[in-house]
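Chemist: Chains as they are written, first to last, in the numbering used here: chain A, 771 to 1080; chain B, 771 to 1080; chain C, 771 to 1080; chain D, 771 to 1080.
Heads up, a few of these hints could be off.
Note that identical chains are pooled: a pair holds if it fits in a single copy or bridges any two copies.
[Said to hold, decoys possible] Computed cross-link-like contacts, SDA-like style, restricted to lysine to any residue with a CA-CA straight-line distance of at most 20 Å:
1) K787 with I908
2) K805 with P951
3) K805 with I815
4) K798 with V988
5) K922 with M824
6) K798 with M824
7) K922 with D799
8) K805 with N939
9) K798 with D1072
10) K1048 with D1072
11) K922 with L911
12) K928 with N816
13) K798 with W994
14) K1003 with S972
Quick caveat, the hints were computed from the structure, so don't treat them as lab data.
4 protein chains.
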Amino acid sequence: MNLNKKEKYNDLGLDTKSISNDYRALNKDGTFNVKKENVSFFEGINIFHSLVSMSWLHFFGVLVLGYFTINLLFASLYLLIGTEHLTGIYSTTTFGQFIEAFFFSAQTITTLGYGQIAPLNLAANIVAAIESLLGLLIFALATGLMYGRFSKPIATIKYSSHAVIAPYNKINGFMFRVVNPKNNQLLEVEVNVTLSLKRDNSDLRDFYSLALERSKVVFFPTTWTVVHPIDSKSPLHGYDEHDVLEKEAEFIVVIKAFDESFSQSVYSRSSYKAQEIKWGEKFIYLTQRDRTGITVDVSKIDETYTADLN
Amino acid sequence: MNLNKKEKYNDLGLDTKSISNDYRALNKDGTFNVKKENVSFFEGINIFHSLVSMSWLHFFGVLVLGYFTINLLFASLYLLIGTEHLTGIYSTTTFGQFIEAFFFSAQTITTLGYGQIAPLNLAANIVAAIESLLGLLIFALATGLMYGRFSKPIATIKYSSHAVIAPYNKINGFMFRVVNPKNNQLLEVEVNVTLSLKRDNSDLRDFYSLALERSKVVFFPTTWTVVHPIDSKSPLHGYDEHDVLEKEAEFIVVIKAFDESFSQSVYSRSSYKAQEIKWGEKFIYLTQRDRTGITVDVSKIDETYTADLN
Amino acid sequence: MNLNKKEKYNDLGLDTKSISNDYRALNKDGTFNVKKENVSFFEGINIFHSLVSMSWLHFFGVLVLGYFTINLLFASLYLLIGTEHLTGIYSTTTFGQFIEAFFFSAQTITTLGYGQIAPLNLAANIVAAIESLLGLLIFALATGLMYGRFSKPIATIKYSSHAVIAPYNKINGFMFRVVNPKNNQLLEVEVNVTLSLKRDNSDLRDFYSLALERSKVVFFPTTWTVVHPIDSKSPLHGYDEHDVLEKEAEFIVVIKAFDESFSQSVYSRSSYKAQEIKWGEKFIYLTQRDRTGITVDVSKIDETYTADLN
Amino acid sequence: MNLNKKEKYNDLGLDTKSISNDYRALNKDGTFNVKKENVSFFEGINIFHSLVSMSWLHFFGVLVLGYFTINLLFASLYLLIGTEHLTGIYSTTTFGQFIEAFFFSAQTITTLGYGQIAPLNLAANIVAAIESLLGLLIFALATGLMYGRFSKPIATIKYSSHAVIAPYNKINGFMFRVVNPKNNQLLEVEVNVTLSLKRDNSDLRDFYSLALERSKVVFFPTTWTVVHPIDSKSPLHGYDEHDVLEKEAEFIVVIKAFDESFSQSVYSRSSYKAQEIKWGEKFIYLTQRDRTGITVDVSKIDETYTADLN
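Start from the sequences, fold in the hints, and give me the full structure.
Modeler: Right under this line is the structure:
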């Protein structure tokens, strides 16, 4: 029925037009090849998201630069008011006084307050009172950002760098391997694989939801080889390596899981292009057993051996 | 069956009585035209919600005013005790002493503590100890609020300002366009459109859940034109612009999505009144492709061209 | 079928034995009448939960008491070391020195540090360094608690204090009314009502899931009168007020909603005992319309008028 | 049908190879017997997760050690610059100066700033300004960690240390008992039990999802005896104690619930090995009723009495 079809069809929301063989809808790290133009500043900006997502190097760069700039500003302000409003300034040159005001500002904004230099009169007191309030708010914000950065759940799933097409039961199967290298437990892990193929003599693309050997597991303590059996119902049925390259195949993978450490749902995305498939190779076995348990050698996730296709 | 009907019917929980053609159940920004009266203070108040939802200008206003007021209060307290209990007070006038006490209070509540002025005796020490505890608690609260304000997930979906009724396949369709202007990825985006029509010769309203071309997408990297095909089953079937205005039509849109940055579900709401529909106009194409990816021109979300209706 | 029955049956996990007519499984505020005994200290304790759930008065009591106690402890420590290790101690009596040490401790734990009194030698410096670290950790904890207290989502649903049995269409209905007095929007509100009746000549109780006129709404901006129509399939069919009292009826209400302010699911529970039902009364209409919108008078949620039962 | 089977089959994602009778897939505390090898440092590390999950003793150890180390570092730095750049250093020996610099560093990083010792020249001022910024960031991080540690939802479910096989209705049943010893309410509690049996003459294991008397309850205020009735469809049908030991049976339990205190889903896991089953024992009744409510004696969760099996 039409309805059943709809039920089964997993609408990805991706563009159906083909661009080139180089193009991939989804990059290996799960980002999209989409740029947004002419977004107005306030619509497009998301300060928290940016500050939480940037690299630690960037983040500390922003913090240190901000700290430096704000102290420069307040040092100028103290100088403008006149350093006679501060006790404990010993320099006689303007530059020397600026330096002392700069460090007085640093001691004020961090609420350190050694007291060696201190505001004496109304004007300096007002500026210092405002600066210390500002300092507390800025570090309140920094606290939130540090927490946001650390507590951001990231699906830490590692994908094998290649997929393989290998013998599976009496037919062949499209396979890739995933592992969670971290210590957080991922639960109720669900995987969806969609195949995008270029239509013959057209620049449109068709999307096929691939049936999987198993698409959901309750626990994910070791490693998981996701298998799409290429049976007679598979859109890959009867295709060889050349066909798959010709049709600019892209396998789009979406994994959803519940991260127990953060008690939140996490998503992971990746994709395999036709060029990233090894034909007639099979993944080696990663786990070793002894009487007390199982050991998984994560570094061998990409290793394969030759296996004749059916 | 009755049951099937129930299953399909999406009960919005809105009032079924019509008021006037000007009235809209849902404002364009997703708020409701509902006022609650005679709510007792403690039942109605939600300090955190208010402080997290108010504008930044308001929020900083509240902070600065609070800081000023609390320092006024404590300055009065120090004056009441007597400034002879503080070292380092030089003023001889009451007003001058009040000013000095005010800034001593500011240095205490921010835990700055220059030490130029310091409590000397029991009474002043007690007040200062309480004030610094209070200060830490207030700034603990401010930290929470800053985090709450920044980490509040907001469905940042931007709607086309008008909907259109345009040719779609061999019939017509009701269409509007949405885009996510921010960098956060929205996943598993689900849209529901409900049509509210005034019943003939009555002030009651009927609600219809509209069937959509597609109602859920897994990714939402570019733009989405939501389409309700006006086929023979549509409640809009056979209506022209005049009928739709007469029946005071309101299209109520609810979008649910998973915001990956915040790992939380977000909702967005909007509505289109009959007056906000352009008949015989079609949205222009927003995306441009090159070999490396897709570019979306967000600023053109409202642009349409004339298209003859079927 | 057995299966259908199971599907429909909403297992509450409550005890099926009857105790007395006074007993209610669920209190009006949603708590349970259950006490746990002999729970070992570490199993039963949940410090965060307790500190976040207690009243503000209690919470500030704990904070102030903790602050006082910890300063007492450190003051004793400084005295033990000897006040000659601190500069700026002027008292000659032990009590006076203790007081000064107490306030020095307060200035240290809040990282205020006026510097009037300061550690001079190794021992005092070690204690002060530890105390300031401890202070920062304690206020880190307090920050988390303040945030936890404020950001805790609470289903703020207000129930009518009585339920009614009133005419509904051509039969009667069991009805109660709910309203959200706060400004947070509740979305996808779902209500479940379970009826618990004492079995005749037995102390066992039976539980019945009640069919509702509507059990889920998408928005909840105004008020909602939840209706269970007493048709021929209802477990209340044919019962009068006397029967319902005799059978010690308890209507257990569970409401689940999505709180938009906190982006989290919230639950609200309450119950109506047979004595809390008004027979032959109907709730008055709460909402008033004008051209710009709807006004809800929350204070009239309990008001009813007499209506002859069918 | 194949489909029905799939629906019912609960894929745990565990290894199907048997190791030894000692081996258990799941430890009693819900952890897995899996070790990951050769994980690269950056892939495997999850600082936040580690610092939030470690014991309080460990956590405070890390904090104190970090505090000590960072002060050592900065003390060395101040010494390197030369203590003539600091006012208030009285020692004449290098060691004495180091000690004073150490405590000056502690006063700076906690933003205590007594001011007794203070930076005098440019170099010392720069180091102190950096140190105080660093201090604020570190304590921002500590604040986040404290909050993360306390607000981490943990499914606090306590399992009976043994399971029993006891008479149930006219057949027998596999039973274990769970209780929530904490005050947080768990809602919508769902339990899944999977039986893992060694295949005869093979080292492979089969997994069976066990049908339960009831698998979900809305409330969980008291205690819950989870029962799998050993009827003719049960994989345990016809097995005696000896068979169950021989087949190295492991009962894997997964409980999912909604923790109302944290508004989050929580998972709890445990397992019972064949050796942890008491045959012909029944759990005693834990709850006592009086007119005002129910009392549960949590300490008796493991107590059983002899009961002849059917």
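Chemist: Tell me the hint numbers this structure goes against, listed in increasing order.
Modeler: 1, 8 and 14
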